[in-house]
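A.B. asks: Chain residues, written in single-letter form:
Protein chains: 2
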Amino acid sequence: MYKAIITVRLKPSVLDPQGTAVKGSLHSLGYSDVEEVRIGKTMELWLNTADRVEAGKRVDAMCRQLLANPVIEDYEYRLEEGS
Amino acid sequence: MYKAIITVRLKPSVLDPQGTAVKGSLHSLGYSDVEEVRIGKTMELWLNTADRVEAGKRVDAMCRQLLANPVIEDYEYRLEEGS
Chain A
143 MYKAIITVRL
153 KPSVLDPQGT
163 AVKGSLHSLG
173 YSDVEEVRIG
183 KTMELWLNTA
193 DRVEAGKRVD
203 AMCRQLLANP
213 VIEDYEYRLE
223 EGS
Chain B
143 MYKAIITVRL
153 KPSVLDPQGT
163 AVKGSLHSLG
173 YSDVEEVRIG
183 KTMELWLNTA
193 DRVEAGKRVD
203 AMCRQLLANP
213 VIEDYEYRLE
223 EGS
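Line order of the protein sequences matches chains A and B.
So this note's numbering is basically just the index in the first sequence, starting at one, shifted up by 142.
So this note's numbering is basically just the index in the second sequence, starting at one, shifted up by 142.
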């Protein structure tokens, strides 16, 4: 069993209206030292496989096929064993 | 300047319908070894402050006040300097 922790972020060149809205809310609450906010997704997947290399390949394929939009998003992942 | 990387996840006891939907989609694509999927948020904040301890306190307060819902979500964060 492997756990994959995947982080999907908008590419730096892509506008992030959700992040801008959160920044505005933080400023309204008095946190005026917040200069920028970017929001992404984190996904935890539990994979029923014993082969680490195979698990990594499959997670990478899942990111490309479904979990991230490669046009506007970057992704990265790491694997943890047996949790 | 500090960068805070915040991860907000649903508590383990809280149902995650979005994760269940993604798991279903992955199974449809042939990734039947995916046992569970949990989806959370990751936020990157740039803070215009020079004091690491103060930055940590402010990020923690922001999480409690706005960025996470403490009833159903857990949060964690780490700080990186000068990026």
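There's no promise every hint is true.
In this list, chains with the same sequence are indistinguishable; a pair is considered to hold if it fits within one copy or across any two.
Claimed, not checked - Taking lysine-lysine and the BS3-like style, the derived pairs with C-alpha atoms no more than 27 Å apart in a straight line are:
| id | residue 1 | residue 2 |
| --- | --- | --- |
| 1 | Lys183 | Lys165 |
| 2 | Lys183 | Lys153 |
| 3 | Lys153 | Lys165 |
| 4 | Lys199 | Lys145 |
| 5 | Lys183 | Lys199 |
| 6 | Lys145 | Lys165 |
| 7 | Lys165 | Lys199 |
Rather than coming from a laboratory, the hints here were simulated on the basis of the structure.
Remember, predicted model here, so these are calculated numbers, not experimental data.
A.B. asks: For each hint, tell me whether it holds in the structure or not.
C.D. replies: Here is how each hint holds up against the structure:
For the homomeric pair Lys183 and Lys165, the shortest alpha-carbon distances inside one copy (17 Å) and between copies (15 Å) are both at most 27 Å. Taking the shortest Cα distances, Lys183 and Lys153 sit within 27 Å of each other both inside one copy (13 Å) and across copies (16 Å). For the identical chains of this complex, Lys153 and Lys165 are neighbours both inside a copy (18 Å) and across copies (25 Å), given an alpha-carbon limit of 27 Å. Proximity of Lys199 and Lys145 under a CA criterion of 27 Å is satisfied intra-copy only: 13 Å inside one chain copy versus 31 Å between copies.
Taking CA atoms no more than 27 Å apart as the test, Lys183 paired with Lys199 passes in both settings, with 20 Å inside one copy and 24 Å between copies. Taking the shortest Cα distances, Lys145 and Lys165 sit within 27 Å of each other only across copies (14 Å), while inside one copy they are farther apart (32 Å). Proximity of Lys165 and Lys199 under a CA criterion of 27 Å is satisfied inter-copy only: 17 Å between copies versus 36 Å inside one chain copy.
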